[in-house]
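Q: Here the structure of chain A is known, so what remains is to put chain B in place on it, guided by the hints.
Just so you know, the protein sequences line up as chains A and B, in that order. Per my numbering, residue 1 is the first one in the first sequence, and the count goes up by one each step. Per my numbering, residue 1 is the first one in the second sequence, and the count goes up by one each step.
It should be emphasised that the hints constitute simulated quantities derived from the structure, not laboratory data. Check before you lean on any hint, since a few could be wrong.
Listed next, the stretches of chain B that the computed footprint assigns to chain A, with coverage defined by at least 3 CB atoms under 8 Å from CB atoms of chain A [claimed, not checked]:
hint, segment
1, 168-181
2, 187-193
3, 197-207
Far from chain A by the CB rule (all over 12 Å, computed), these chain B residues [what the hints assert, rightly or not]:
hint, residue
4, 3
5, 7
6, 10
7, 19
8, 117
C-beta: ideal position from N, C-alpha, C; glycine also.
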Amino acid sequence: MSAVSVSGLSKSFGLLRVLTDIDLPIEAGAFTVLLGPSGCGKSTLLNAIAGLEDTDTGIIEIDGTDVTQYEPSKRGIAMVFQSYALYPTMTVRKNMSFGLRVRSVPRPEVARRVDWAAKLLQINELLDRKPSQLSGGQRQRVAIGRALVQQAKVFLFDEPLSNLDAKLRTEMRVELKRLHKELGTTIVYVTHDQIEAMTLATRIAVMRAGRIEQYAAPDDLYEEPATLFVASFVGSPAMNFMRGRLLPGNAPAVQVGSAQLPLDGYRFRVPPTAGQEVIVGIRPEHVALARDEPEAQIADAELLFIEPMGADTLGWFQFDGHRLSARLVPQVARGISGRVRLALLADHISLFDPTSEARL
Amino acid sequence: MTSSRRNARIGRIGLYVLLVWICLFFSIPLLVVISTSLKSSDEVRQFSIFTLPAAPGFAAWIKAWSSACTGLNCGGVRVGFWNSVRILIPSVIISVMAGAVTGYALSHWRIRGANIIMLLLLFCAFIPYQVILYPLVKTFSTIGIYSSLPCIVAVHIVFGLPVMSMLFRNFYAGLPEELVKAARIDGAGFWRIFAFVMLPMSVNILIVATILQTTGIWNDYLLGLIFAGRDNMPMTVQLNAIATTSTGIIEYNVNTAAALLTALPPLLIYFVSGRYFVRGITAGAVKG
Chain A
1 MSAVSVSGLS KSFGLLRVLT DIDLPIEAGA FTVLLGPSGC GKSTLLNAIA GLEDTDTGII
61 EIDGTDVTQY EPSKRGIAMV FQSYALYPTM TVRKNMSFGL RVRSVPRPEV ARRVDWAAKL
121 LQINELLDRK PSQLSGGQRQ RVAIGRALVQ QAKVFLFDEP LSNLDAKLRT EMRVELKRLH
181 KELGTTIVYV THDQIEAMTL ATRIAVMRAG RIEQYAAPDD LYEEPATLFV ASFVGSPAMN
241 FMRGRLLPGN APAVQVGSAQ LPLDGYRFRV PPTAGQEVIV GIRPEHVALA RDEPEAQIAD
301 AELLFIEPMG ADTLGWFQFD GHRLSARLVP QVARGISGRV RLALLADHIS LFDPTSEARL
Chain B
1 MTSSRRNARI GRIGLYVLLV WICLFFSIPL LVVISTSLKS SDEVRQFSIF TLPAAPGFAA
61 WIKAWSSACT GLNCGGVRVG FWNSVRILIP SVIISVMAGA VTGYALSHWR IRGANIIMLL
121 LLFCAFIPYQ VILYPLVKTF STIGIYSSLP CIVAVHIVFG LPVMSMLFRN FYAGLPEELV
181 KAARIDGAGF WRIFAFVMLP MSVNILIVAT ILQTTGIWND YLLGLIFAGR DNMPMTVQLN
241 AIATTSTGII EYNVNTAAAL LTALPPLLIY FVSGRYFVRG ITAGAVKG
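Okay, chain A solo, but in the shape it has when bound (with noise of 0.2 Å):
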């Protein structure tokens, strides 16, 4: 277990700015996920913390030292990747002892740590073949091997899931967290996909255009996000947007449409000014068919369509210009049409700032 600092770390190819400024600090044992659109710079982070890639500015520290300047090899990492890079022409056996045998472990020890891996992965009777007669999921399990066997201080994951079909990509997550919790490691995996991060993560730095928009549990990420990107890159259905203006008066609320929400419990990180236009932000499940809450609360909105996910269903509305998205009950969903009366939950909404694009 080993923590990881990454401070000021900036990367340019030739006039692309593909990471600026960056400042992770990663504590020993954390599951720590970088999540982003594709072209964010998540994984030039990841290869500039193997070594793979060189930095033009700051440090990363690996367990406290400085090691910038190391090759990839003497950073104390083991990296897996996407397309699991398996040497084609060595069995599993060779692939996940190549890096041992590179540095001279005695023969013993090196049978030891592959028999020891291919027990936790379950891959014991994979030993002895190349990796072209493996399945998908048999040659992640294999990459993951190659790495565990290094008995590293920090494990690198770029993308290892997204290679796989949808069923195994589930069952691999759990598997990862299983190994997470058993071997209690630093790891740092990159990903595009919000629910591995969410499902995994034990803290998620969310990035756009090279720069971290967020770092937080995967809680605070989701109930709180920091800036309007952060909402709506995290949560599935995406979190509802729709224009709103702070209302002036001794009691904070926000006008949205024709329903007034009231912001008594918001935890405003700037003070508000009344009048200002906002940018209101509420989940899916925050919006509900109307019962008894206060008429203020109730958006009169009209349904377009629903869309069954199994568990729930998501209705999709019209109000006030906006389209919004409520997460019901399938039974209930079933029996709603034209116009309907929507609660919106105050408790849960985000306040951004229109042009800053940040909560308020």
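A: Here is chain B on its own, set in the frame of chain A:
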């Protein structure tokens, strides 16, 4: 039978007729050469080149191999054969391996100006020999190895390198970059990655490169004539000497036999390894 099916069948027959014609067109010279080489000298003189040998025999082949005369030297083409072999082996091994290393370095290691190097290589591959022959001769004489085995080997390596490097670069560029990354994290360096990860994956392209170089160097005439020196004249040069010797009667049967003997090694290589050739060329060509 419907008319469209009949038309298709007629088309098919037409196609085969055409193919047979093309086959004959290209194989007749070869067949004539083979048949002439199996005749006796008298038979060659008396009958047309298209008549088949009355009593086929390998006398001309044996003479061509062991006692045909080049000027005053009557040792047959075998002298040239062994010269060609001695030129071929070091030239092929060194040019292929050097090309493999260069291609690997240019494709998987960030080298400043790698693209410019590639451009220069491409340019070099198309420079006509004639332009640099004289400067090369001067250079080698200055160094003092002109007209020797090392000289001709060096020339073949230098002329082979651009194409070899590009062939291997294109092949290696098609392999995932992550493979090299994984090996670097595993602690392997430039040479170890080359030897244990890249080379074992390169069997097909190595075969292709070897074929290209072997046939190219074996068939070379000009460079051998200029750089090899009297004692190392390759088989092609000697074949020409035998065929153009103007003293006495021209022995067409011996000449054709010598020509076939010279052509045999590349022919055999194509027959044995044709499928690798096609496979490897496409493997190298698809991604680049």
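Q: Please list, smallest to largest, the hint numbers that this structure does not respect.
A: none
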